[in-house]
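Given the sequences, and given the hints that come with them, work out the whole structure.
Chains A and B supply the protein sequences, listed in that same order.
Its first residue numbered 740, the first sequence is counted upward by one per residue in my numbering.
Its first residue numbered 740, the second sequence is counted upward by one per residue in my numbering.
I should point out that these hints are in silico values taken from the structure, not numbers from a laboratory.
Source: prediction; values computed, not measured.
Where hints are given, some of them may not hold.
Because identical chains share one entry, a pair is satisfied inside a single copy or across any pair of copies.
Each computed BS3-like pair below joins lysine-lysine, with the alpha-carbon atoms no more than 30 angstroms apart [what the hints assert, rightly or not]:
id, residue 1, residue 2
1, K889, K1081
2, K1081, K836
3, K800, K749
4, K903, K990
5, K1097, K1062
6, K749, K831
7, K831, K1062
8, K807, K792
9, K929, K809
10, K746, K831
Number of protein chains: 2
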Amino acid sequence: MSYQTPKGTKDLIGEEGEKFQKAIDVVRSVFEKYGFEPWFTPAFETFELLSAKGGLGEAVKEEIYYFKDKAGRELGLRFDQTMPLARIAVSKPEIPKPIRRYAIAPVWRYDNPQAMRWREFWQADVDIIGSSSTLADAECVAAAVEALEKLGFQDFLLRVNNRKTLDDIFAFIPEGKRKQAFRAIDKLDKIGSRGVKAELDKLGLDSEKILSLVSLSGEEAFEAVKGRRGEAEISSFFDYAKEYGFFNKLKLDLSLVRGLEYYTGLVFEIEAGKGVSFGGGGRYDDLIKTLGGQDLPATGISLGLSRIFEELKSREPATPRSKVFVAYVDEGLVKEAIRVVKRLREAGLRAEISVSGKKLSSQLEYADKLDMPFVVLVGEEELKEGKYKLKSMRERKEEVLSLGEIIERVKADA
Amino acid sequence: MSYQTPKGTKDLIGEEGEKFQKAIDVVRSVFEKYGFEPWFTPAFETFELLSAKGGLGEAVKEEIYYFKDKAGRELGLRFDQTMPLARIAVSKPEIPKPIRRYAIAPVWRYDNPQAMRWREFWQADVDIIGSSSTLADAECVAAAVEALEKLGFQDFLLRVNNRKTLDDIFAFIPEGKRKQAFRAIDKLDKIGSRGVKAELDKLGLDSEKILSLVSLSGEEAFEAVKGRRGEAEISSFFDYAKEYGFFNKLKLDLSLVRGLEYYTGLVFEIEAGKGVSFGGGGRYDDLIKTLGGQDLPATGISLGLSRIFEELKSREPATPRSKVFVAYVDEGLVKEAIRVVKRLREAGLRAEISVSGKKLSSQLEYADKLDMPFVVLVGEEELKEGKYKLKSMRERKEEVLSLGEIIERVKADA
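Printed below as a string of structure tokens:
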């Protein structure tokens, strides 16, 4: 018999598990510093809710894990963390606004697995519900940017656009064809401007004009949005970014046309290299109302944590599972060894006691294999003086010390 | 339209979300101190794997969320964290042993929802794979006990039994009836000894003898296990417990007969009051071999975190979402307010800036409603001297201070 993870999913174990947990902790600590609070929602939601996003309806079944429970209730694994949040905003109008919540958890999509694309993957989201201020957008983006920086990333770009501005600038495209035109533009990275041109031509649109507009950058792009709807949001967002310190990462980018059935104002995408997205977001002022709730403006950004982690893990140095390993010469010393490991843990050290029941040399081999920097050796001889052998595995050095001295020595090791 | 969480599931949001995250952190920090490492596995597994536990086979379908993906693959949401761990132990024999892993995550069971029983609930597990030593059992239990203590629980009992001892003592029950007899004994809490007696009588067994054995406690229970198989494990476990410091919580309890198709040696149950279980575990030396893996001894314990949290949350004091709320007199001061909140966060404080776009009095009301202890007020007048108003919301006190002084003042507040 052999068992595997289901298609499109994977384990994160051993050293990878440690590193992933660390990455979660880094992101969390930033989100919390910004006053976002952790909300936990179930892994699955009613199909009624899931199918309400962007008016997808039944079609969403193709993209999600859909199932019925034994009473015939239609359910599905959540495909994002925004719909559960919107559900709560709709059903609990009494929660004080603005809401600031974060969620770091897996989501599931029935996608075609490929490099950096899984059927189960983690997202780290921050959202603010109940504020129409561009400051709310800036707060979410600032938190996401700082999280990436604290993870060690510097070279990423924040593409910025505005749904309203886009609709205004491209008002010359007949409304019936705008969606298809944007879908073509969205493929710029994949099929290049020549490919996009062909698709726009096929739609009978002025492909030259459209392509020249979406390829504007820097000052030219700002010129193009001047006097357009949403301009004030764009300029105050860029202004705020100066204060937060992420202005130098911004790019006003009229070719950013993703998720437009859903976003209503500013939209963002974090690009970490050509075609590599670390996440994105934007303002979705209509969602909660559409679901039958109050008219509540909302904005947020989602980091693709699984993908980010793939980029990260090769850089992050490995950390040993435990700082100290407590070994003992023979079974008669087990209780003494328990006393030692207990004291080490009380001192806040990550410490492990040998449970292999093997002889000393095997215990040491194991500590070495798991890269533990220190071994405390409990032996009859040293015990007579109330002392233990401390082996520094890196320096291959041994000293006979009291437990107090050992704790001091290990703690001093960075 | 109204949306709800699916039957048997619930949200943990706002203050509850904060408290739950804190509880997770407490448990995690203990587990890590013991050298357990975090492993992440997918929410769903192949049905082939899930159906292999305890020889349940097809019958497990009734108890889990079972579904097929679009390619017809049979899947199910995990119902525990042990089967995913066992899968990895089977399929990755190269991982150095002993493995020490922890997992704090939701699991799903298609159970009948009732008080303290949900279809989605969180478990916090520690397991050691690859050690047959009773010390491994003691390490897992010690970690679980310390986690509960760090959460603030003192009055719980650790019921201990041993599958081998049980089989030896009750060898007088014909093997074909033993399972049913144990199932009856397992209902002692629910139906009382009279009810159990009736069931045992119906099986044609010596109900008096059985009931008198399972009701033994203290010295008498130890007398009963003397000379029986597994006695050495029991006594060394109790011995080790003295060193770890949880001896006073132990109760040798021959009526603990749960999960016997699965456990092979010591078994544990944490009882936090009559009929209230905070979790349990034990040794499962056969599981990995049964799944087709190496002959790897294994032991572990699982805390029912959702249930524990229900007991906990009323005791835990509420903490404000943010320590400091930055308000401003008018929109012209937003950028100055961003500078302030940025500095507060850089100082490590959990700080939030007003994004409501409302006038000052509403901003203050909001900070009050969310119970934030401090408000920094950015106003034209104080700014002239490079200062800000610090409002202490609890003491209803105002001071005009520099940002450095504000940080000091807020940090000094416990």
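Hint by hint, here is what the structure shows:
no.	hint	result
1	K889 / K1081	between (33 angstroms within a copy, 15 angstroms between copies)
2	K1081 / K836	between (47 angstroms within a copy, 22 angstroms between copies)
3	K800 / K749	both (23 angstroms within a copy, 23 angstroms between copies)
4	K903 / K990	within (17 angstroms within a copy, 68 angstroms between copies)
5	K1097 / K1062	within (20 angstroms within a copy, 51 angstroms between copies)
6	K749 / K831	between (35 angstroms within a copy, 13 angstroms between copies)
7	K831 / K1062	between (46 angstroms within a copy, 25 angstroms between copies)
8	K807 / K792	both (19 angstroms within a copy, 23 angstroms between copies)
9	K929 / K809	between (43 angstroms within a copy, 27 angstroms between copies)
10	K746 / K831	between (37 angstroms within a copy, 17 angstroms between copies)
Violated hints are absent here; each numbered hint is respected by the structure.
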